[in-house]
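Here the structure of chain A is known, so what remains is to put chain B in place on it, guided by the hints.
As they're listed, the protein sequences go chains A and B.
Take the first sequence: its position 146, counting from 1, is numbered 146 in this note's numbering, and each next residue is one higher.
Position in the second sequence counted from 1, then plus 300, gives you this note's numbering.
The reader is advised that the hints may include incorrect statements.
Computed list of lysine to any residue pairs in SDA-like fashion (alpha-carbon distance at most 25 Å, straight line) [what the hints assert, rightly or not]:
hint, chain 1, residue 1, chain 2, residue 2
1, A, Lys233, B, Gln508
2, A, Lys239, B, Leu560
3, B, Lys539, B, His562
Derived by calculation from the structure, the hints in this document are not laboratory data.
On a predicted model such as this, the values are computed, not experimentally measured, just so you know.
There are 2 protein chains.
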Amino acid sequence: MDTIGWIGLGIMGAPMARNLLTTGYEVVAWNRSAERLDAAVAGGAQRAASPADVASRSDVVIACVTASADLEAVATGPGGAIEGIREGSVFVDMSTISPAVTREVAAKFEERGVAMLDAPISGGEQGAIDGTLSIMAGGPAEALERVRPAFEVMGSTITHCGPSGSGQTVKLCNQIAVSVNNLAMAEALVFCQRSGVDPSTMLSAITQGAAGSWQLSNLGPKVVARDFAPGFKVGLQQKDLRLALEAADGLRTPLVGVSLVHQLFAAVERAHGADVGTQALVRAIEGLAGAEVGEANEDG
Amino acid sequence: MDTIGWIGLGIMGAPMARNLLTTGYEVVAWNRSAERLDAAVAGGAQRAASPADVASRSDVVIACVTASADLEAVATGPGGAIEGIREGSVFVDMSTISPAVTREVAAKFEERGVAMLDAPISGGEQGAIDGTLSIMAGGPAEALERVRPAFEVMGSTITHCGPSGSGQTVKLCNQIAVSVNNLAMAEALVFCQRSGVDPSTMLSAITQGAAGSWQLSNLGPKVVARDFAPGFKVGLQQKDLRLALEAADGLRTPLVGVSLVHQLFAAVERAHGADVGTQALVRAIEGLAGAEVGEANEDG
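Next up, chain A with everything else stripped away, as it sits in the complex (with noise of 0.2 Å):
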């Protein structure tokens, strides 16, 4: 059984690592803030030093960051996996960043002899605890191959998208997909709301038809309770459009339904900050609209 290093203890970064604790796997982990850190050692992690220590102990490095930056600055950045990884290991990217820079990356790890696989994840907290993640993998099949007895650990459906970039390519197409079908909802629950129809009713009318969707399912009757509780956060939701909008804007191709949610997620960030969940989307319509979705209907 391979060892697996493990760089990020986040909210995804964390259940998925104590995944791999169960099933049996040695895991060398390494987090930039300490308690983190603690919680998974006391969980039966190693203890690494930094990115590079942890790349000297493992066989196969995996890291669940935030962002292009924390991504460079864990793999190729000064005290980075690049500075200890062995030849022929494989490093892994389950983070959401940006194709270009997985390109990049992926390049300086081919020149040291080590294949770079980016993987980046859906399904969140609860799928990562779960282990039912659906896994988007980019890069070099025979790495994919490799490390996928790990994967099958962490997620139910793996997908091996093509080369370097595409799973991150993928990823961002999940991302284009979940919040213009936000938007969706949203004007239907808004509208509905103006024209005096009660937003439950109107629901269970359309949810199992042609207007049907995951974000509808899931998330309209939160909307209708006003329960605005993250399952995924606002402010992650525009990280990941920028990443979208600024790899469409490189390839000279609008995306004039994505544009339009991130204006109206910036208006949401600014009156209820970044950490209330995708579904306020809702509330920038409704702002428009000056009513609010489940209030006492008063005309239509």
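Chain B only, in chain A's frame:
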């Protein structure tokens, strides 16, 4: 068993009336064009000379036409159903029309002692043939109970949405969600293509998760196969989006996403006509991006 009057034997109305005949209902029918009426008569319907004639010979009168003006013509225009309808009967409009026009027409029937239901449908031609439509009903609950046995022949989901007009409101919510979900699919597919990743691989990776929707599952593979045959036609989708935007405008409720989709469909209609399927929305995004989903990838 009530004798059912039927007005409008189009792509939806004809199979719905046929299902009533097959179940044993007497159906008195009229249609604007003679051939479709001839076909219904050959299938067992009784021929009427006008909507007023239909109404004078029926217990319940059902209209299934295209637009608000068509419904006004057959309901309250010269020779319309209101001229023949019996006190105590029910007038049912299964077309998708304006909620405001619905309330006006319902008020006129009410003056004659006739209850009106707005009961627009979703589920497409196949749902009409199979009797599995979703029926969204607005109007008096007693009137819905009166016609429920007939509705159960035509549909599998019957929702009482509230007072007159609320069935139309819920149908417009359905079209809002459908069309903005369609945009989500189009942008994900075109971004994927321009990034050099296989769109089918992307669809299989994201369709079952948080990005999933009926549109993505059912229309995504058609786009990849360049199949633009209509399930639902762009021209009819545009009619429904006009209704939604008009109703929203009356409520001073901006629908920024729907408005964007409506504009993009205008480009599709200009270039490809009103009779292509709604999945052709992707062609507007492809036009902006200068690439077609499913082409050999040249860059990314």
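Is Lys233 (chain A) within 25 Å of Gln508 (chain B), Cα to Cα? holds, 21 Å
Pair hint outcome, Lys539 (chain B) versus His562 (chain B) [Cα-Cα no greater than 25 Å]: Holds, at about 10 Å.
Satisfaction of hint between Leu560 (chain B) and Lys239 (chain A), Cα-Cα up to 25 Å: holds, 23 Å
Of the numbered hints stated above, none is contradicted by the structure.
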